[in-house]
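Enquirer: So the sequence lines, in the order shown, correspond to chains A and B.
If you count by this note's numbering, then the first sequence holds residues 286 to 440, one letter each, in order.
If you count by this note's numbering, then the second sequence holds residues 12 to 271, one letter each, in order.
Rather than coming from a laboratory, the hints here were simulated on the basis of the structure.
Quantities reported herein were computed from a predicted structural model and do not represent experimental measurements.
Where is the CB? At the ideal position from N, CA and C, for every residue including glycine.
Watch out, some of these pointers could steer you wrong.
[As the list claims (entries may be wrong)] Here are the computed distance ranges between Cβ atoms for each label pair:
#, chain 1, residue 1, chain 2, residue 2, range
1, B, Gly29, A, Tyr400, 35 to 41 Å
2, B, Ala200, A, Gly351, 47 to 53 Å
3, A, Ile309, B, Ala214, 38 to 44 Å
4, A, Tyr400, B, Leu31, 27 to 33 Å
[As the list claims (entries may be wrong)] Looking from chain A toward chain B, a few residues come up when the C-beta cut is under 8 Å (computed):
#, residue
5, Leu315
6, Cys339
7, Phe367
8, Leu371
[What the hints assert, rightly or not] Chain B regions said to be covered by chain A (calculated; three or more residues, Cβ under 8 Å):
#, segment
9, 30 to 36
10, 100 to 109
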Amino acid sequence: MTNPEAPNENASRAIVKLPLAAAIIALIGLADAIYLTVHHYTAAPVPCGADFDCGSVLSSPYAEIGGIPLAAFGAAAYFAAFSLALLAAFGNRALWTLFGVQTILMATVSAWLTYIQYAVINAWCQYCLFSAFTTFTLYLLFLASRFLKADSSDN
Amino acid sequence: MSNANEKKSNTPILIIVGVLVLAVLGGWWLYSTSKPVTPANSNAATNKANSAAKTNTIPANAPMGAQPPNQSGSQTAMVTLEEFADFQCGSCAAAHPALNEIKSIYGSRIRFIFRNYPLSIPAHDKSYDAAVAAEAAGMQGKFWDMQNLLFTNQQAWTTAPTFRQIWKGYAEKIGLDIPKWENDIAGIAAKSRVDEDLKRGKAIGVNSTPTLFINGASIQYVEMTVPALKQVIDAELQKLAPQNQTANTAPAANTGNVNK
Numbered sequence: 286m287t288n289p290e291a292p293n294e295n296a297s298r299a300i301v302k303l304p305l306a307a308a309i310i311a312l313i314g315l316a317d318a319i320y321l322t323v324h325h326y327t328a329a330p331v332p333c334g335a336d337f338d339c340g341s342v343l344s345s346p347y348a349e350i351g352g353i354p355l356a357a358f359g360a361a362a363y364f365a366a367f368s369l370a371l372l373a374a375f376g377n378r379a380l381w382t383l384f385g386v387q388t389i390l391m392a393t394v395s396a397w398l399t400y401i402q403y404a405v406i407n408a409w410c411q412y413c414l415f416s417a418f419t420t421f422t423l424y425l426l427f428l429a430s431r432f433l434k435a436d437s438s439d440n
Numbered sequence: 012m013s014n015a016n017e018k019k020s021n022t023p024i025l026i027i028v029g030v031l032v033l034a035v036l037g038g039w040w041l042y043s044t045s046k047p048v049t050p051a052n053s054n055a056a057t058n059k060a061n062s063a064a065k066t067n068t069i070p071a072n073a074p075m076g077a078q079p080p081n082q083s084g085s086q087t088a089m090v091t092l093e094e095f096a097d098f099q100c101g102s103c104a105a106a107h108p109a110l111n112e113i114k115s116i117y118g119s120r121i122r123f124i125f126r127n128y129p130l131s132i133p134a135h136d137k138s139y140d141a142a143v144a145a146e147a148a149g150m151q152g153k154f155w156d157m158q159n160l161l162f163t164n165q166q167a168w169t170t171a172p173t174f175r176q177i178w179k180g181y182a183e184k185i186g187l188d189i190p191k192w193e194n195d196i197a198g199i200a201a202k203s204r205v206d207e208d209l210k211r212g213k214a215i216g217v218n219s220t221p222t223l224f225i226n227g228a229s230i231q232y233v234e235m236t237v238p239a240l241k242q243v244i245d246a247e248l249q250k251l252a253p254q255n256q257t258a259n260t261a262p263a264a265n266t267g268n269v270n271k
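Start from the sequences and build out the full structure, keeping to the hints where you can.
Expert: Quick look at the structure:
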């Protein structure tokens, strides 16, 4: 009486849900990036935990490119990721692949920026670490969808 | 049925546009609520100064910090620069040459105050001790010499296990009485001065280093360059000159270290 189709259905359902989860996480990353962009232009102090040194990180030369805050690029990237993930969730599967390519780029940049905080600036900013976390989560969601797809194809 | 499909296909676009509008509006709201209030300006020069100077102003009732402060220039100068810095902060070391140049350009036309603001973070494990070492040097009239050596050689000692030996080398180099300097480091007076500066910084909302105030208005780190600082200082001098012309001719009250 077991249903041999059940693993495939579960995997398919999960694949559909992953872009939606990615869209929500990209929104959270977008909020973080907007907050940091606004901070850059107002120079208003950001609440920073005792174990962090947000000022050193956010005012370092790595915090902007050509006078544009890095967080603004981050906000644009998160918005693009959100749009791609949402369109994928609504059935445009080709855009999910594009989302995957983008998250690989974002994760690479995030890894480099985390290294910069660790080895060059010698200080941590929790907002930047949070952004790195959301970026890697987006990447992992994409990877998970690939594995689930392979899994469902195998079955 | 086709209407339903069309509606469905438009839904993500509508959501995306909605999110974009919300993001722009949210960012604008955040900007307007967190943007420091700029006082009314009377002329273009002041406008320019205030565009550079973010007016996170120092409350009048803020703790005074270490007294007398480590200061150079003139106590009667119309423009006061107050820096909160941490000796292990890379940005502070990077801003140090520009601030030194500003001090030498303006001399007694400005008052420059240095406040210790060692951050309590693992990466800055020696910054409090470095501040105490500088204050102990100040007790022999050599605060600025030690401050300069600590910043210019930051990379040499910041990760070195023998950092105390390195500092001792600096103390010898600037001609300190080493036993007295070591006693002052171990004593309470130098630490109290650091603590007093920290109290002031915390009370006025300093949460990163370097934080610089020019006549009480905070300056962004990106503006801690000689040209940008000159603009702000010149505008302040120009703004205040008519009312205080005599101050321009005031003798340099304190171009050296007062922390003796």
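Enquirer: With reference to the structure, classify each hint as holding or not holding.
Expert: Now for the hints, and whether the structure bears them out:
1. Between glycine 29(B) and tyrosine 400(A) the Cβ separation comes to about 36 Å, which falls inside the hinted range of 35 to 41 Å.
2. In this structure the hint that alanine 200(B) and glycine 351(A) lie 47 to 53 Å apart at CB holds, the actual value being about 48 Å.
3. For isoleucine 309(A) and alanine 214(B), the Cβ-Cβ distance of about 40 Å falls inside the hinted range of 38 to 44 Å, so the restraint holds.
4. A beta carbon spacing of about 32 Å between tyrosine 400(A) and leucine 31(B) agrees with the range 27 to 33 Å that was offered as a hint.
5. Using the Cβ-Cβ criterion of 8 Å, the hint placing leucine 315(A) at the interface with chain B is satisfied: the shortest such distance is roughly 6 Å.
6. Checking cysteine 339(A) against chain B by beta carbon gives a least distance of about 6 Å; that is within 8 Å, so the hint holds.
7. For the restraint placing phenylalanine 367(A) at the interface with chain B, the shortest Cβ-Cβ distance is roughly 6 Å, inside the 8 Å limit, so the hint holds.
8. Here the hint on leucine 371(A) is kept, as its CB sits about 5 Å from the closest CB of chain B, short of 8 Å.
9. Restraint check on the segment 30 to 36 of chain B versus chain A: 3 residues with Cβ-Cβ distances below 8 Å, three needed, restraint holds.
10. Counting residues of the segment 100 to 109 of chain B whose beta carbon lies closer than 8 Å to any beta carbon of chain A gives 3, which meets the minimum of three for the stated coverage.
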